[in-house]
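Work out the full structure, taking the sequences as your base and the hints as a guide.
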Amino acid sequence: MSEIITIGEPMVMFLADTKEHLSNVEHFTRLIAGAELNVAMGLRRLGHTVTYISQVGEDPFGQYVKKYLENENIDTTFVKSYKEAPTGFQFKNRTDEGDPEVLYFRKGAAASRITKDILNEISFSDGKVLHITGIFPALSETTLETTFKAIEKAHENGMLVTFDPNPRPVLWESKEKMIQVTNELAFKSDIVLPGFSEGKLFTGKDYKEEIADFYLDKGVKKVVIKMGTTGSYSREKLENGQIKEVECQSFEVPVLDTVGAGDGFAAGVISGILENLEDNKILERGNAIGGIQVMHLSDNEGLPTVDELDNFLKNYKRKVS
Numbered sequence: 001m002s003e004i005i006t007i008g009e010p011m012v013m014f015l016a017d018t019k020e021h022l023s024n025v026e027h028f029t030r031l032i033a034g035a036e037l038n039v040a041m042g043l044r045r046l047g048h049t050v051t052y053i054s055q056v057g058e059d060p061f062g063q064y065v066k067k068y069l070e071n072e073n074i075d076t077t078f079v080k081s082y083k084e085a086p087t088g089f090q091f092k093n094r095t096d097e098g099d100p101e102v103l104y105f106r107k108g109a110a111a112s113r114i115t116k117d118i119l120n121e122i123s124f125s126d127g128k129v130l131h132i133t134g135i136f137p138a139l140s141e142t143t144l145e146t147t148f149k150a151i152e153k154a155h156e157n158g159m160l161v162t163f164d165p166n167p168r169p170v171l172w173e174s175k176e177k178m179i180q181v182t183n184e185l186a187f188k189s190d191i192v193l194p195g196f197s198e199g200k201l202f203t204g205k206d207y208k209e210e211i212a213d214f215y216l217d218k219g220v221k222k223v224v225i226k227m228g229t230t231g232s233y234s235r236e237k238l239e240n241g242q243i244k245e246v247e248c249q250s251f252e253v254p255v256l257d258t259v260g261a262g263d264g265f266a267a268g269v270i271s272g273i274l275e276n277l278e279d280n281k282i283l284e285r286g287n288a289i290g291g292i293q294v295m296h297l298s299d300n301e302g303l304p305t306v307d308e309l310d311n312f313l314k315n316y317k318r319k320v321s
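Heads up, the sequence shown is in the UniProt record's numbering, so the first residue is 1 and it goes up one at a time.
Hints in this document: simulated from the structure, not taken from any laboratory.
Treat the hints with care, as some may be off.
[Unchecked claim] Think about it this way: if two alpha-carbon atoms lie no more than 20 Å apart in a straight line, the pair counts; the simulated DMTMM-like pairs of lysine to aspartate or glutamate are:
#, residue 1, residue 2
1, 149, 190
2, 200, 247
3, 67, 301
4, 200, 236
5, 218, 190
6, 188, 252
7, 188, 198
8, 221, 252
9, 237, 190
10, 237, 210
11, 188, 247
12, 281, 252
13, 80, 117
What follows is the structure in structure tokens.
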């Protein structure tokens with residue numbers, strides 16, 4: 001089994017070739033998307049082995065997803081094909097604003113039909129990290145059940161569980177339900193990776209220290225907060241009861257498209273933990289990969305190799321606080 005296991009919904013993405021409203025765009029470029037998939041790609045490019053669990057339609061889009069992942073050397077043994085539902089897809093426009101318009105076609109897609117039975121044939125015994133987000137469990141009751149089961153199996157086998165809340169309100173029946181279930185998942189995780197605005201939403205707190213303590217008080221080992229253009233912050237409670245906190249400034253980069261930056265950050269943090277880096281270096285790596293990704297239009301094509309990451313760190317400056 002790979003070092004990292006993740007489970008999520010892969011989507012085929014059609015990126016507009018021109019900067020217009022989607023209703024006016026005539027030509028698109030076919031790519032691939034999905035939060036957990038982006039993290040898997042980021043980790044694999046940094047040299048870590050990854051198993052991706054999912055389900056795609058028995059259709060050309062599903063074939064494309066599998067082939068794409070295999071070309072990235074990601075283990076697709078447990079990417080199942082499903083006859084009764086299609087592979088999800090999305091349309092994304094081009095923008096100079098940083099936050100593009102994305103139109104999703106995912107309701108009832110193959111990934112939403114996943115049940116916990118998919119985990120029966122998967123060994124967690126040799127894995128080190130299970131990475132989950134708040135998107136996959138929001139797809140259906142069965143994907144939520146599968147997520148809780150995956151966390152249970154990971155802990156039974158001594159794996160670290162990392163969780164990115166990644167809120168998608170449109171996928172939940174209500175905001176209240178989203179907050180409740182997302183926090184339940186967070187409380188069962190070892191490391192929680194919210195954005196600052198997400199942290200305020202899920203905790204009702206206004207300061208990064210309070211957001212972190214909300215989760216630490218529930219047994220989470222470490223909270224790493226993405227602070228947007230200002231950088232990142234981590235906080236943990238040591239065995240002696242003392243609090244350890246670290247901050248790291250972001251990098252000066254031109255922003256083309258913000259989608260995928262948080263996933264790149266997660267890949268940086270997880271890889272840094274696996275490589276036993278110091279906390280400041282873990283945050284620096286997360287910030288760097290997020291910074292590299294926002295300079296690219298695709299959700300994941302900017303995710304760097306080790307050499308590309310090293311080159312970025314040598315040539316780009318951190319912002320001055």
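Evaluation of the provided hints:
With a C-alpha separation of about 15 Å, the suggested pairing of residue 149 with residue 190 holds against the 20 Å cut-off. Proposed proximity of residue 200 and residue 247 is supported: the alpha carbons are some 18 Å apart, at most 20 Å. Note on residue 67 and residue 301: the hinted pairing holds, with a Cα-Cα distance of about 16 Å set against a maximum of 20 Å. In summary, the hint linking residue 200 to residue 236 is supported, as the alpha carbons are separated by about 18 Å, within the 20 Å threshold.
Restraint check for residue 218 and residue 190: satisfied, since their Cα atoms lie roughly 10 Å apart, inside the 20 Å limit. Of the pairs offered as hints, the one joining residue 188 and residue 252 is violated, with about 35 Å between alpha carbons and a cut-off of 20 Å exceeded. With a C-alpha separation of about 18 Å, the suggested pairing of residue 188 with residue 198 holds against the 20 Å cut-off. In summary, the hint linking residue 221 to residue 252 is not supported, as the alpha carbons are separated by about 31 Å, beyond the 20 Å threshold.
Our distance criterion of 20 Å between C-alpha atoms is met by residue 237 and residue 190, whose separation comes to about 12 Å. For a cut-off of 20 Å, the pair hint linking residue 237 to residue 210 stands: about 13 Å separates their Cα positions. Distance hint between residue 188 and residue 247 is unfulfilled; the C-alpha atoms sit about 25 Å from each other, more than 20 Å. For the hint linking residue 281 to residue 252, the alpha-carbon distance of about 17 Å falls within 20 Å, and the restraint holds.
Straight-line distance between C-alpha atoms of residue 80 and residue 117 comes to about 12 Å, which keeps the hinted pair within the 20 Å bound.
The structure fails to meet hints 6, 8, 11 from the earlier list, while all remaining hints are met.
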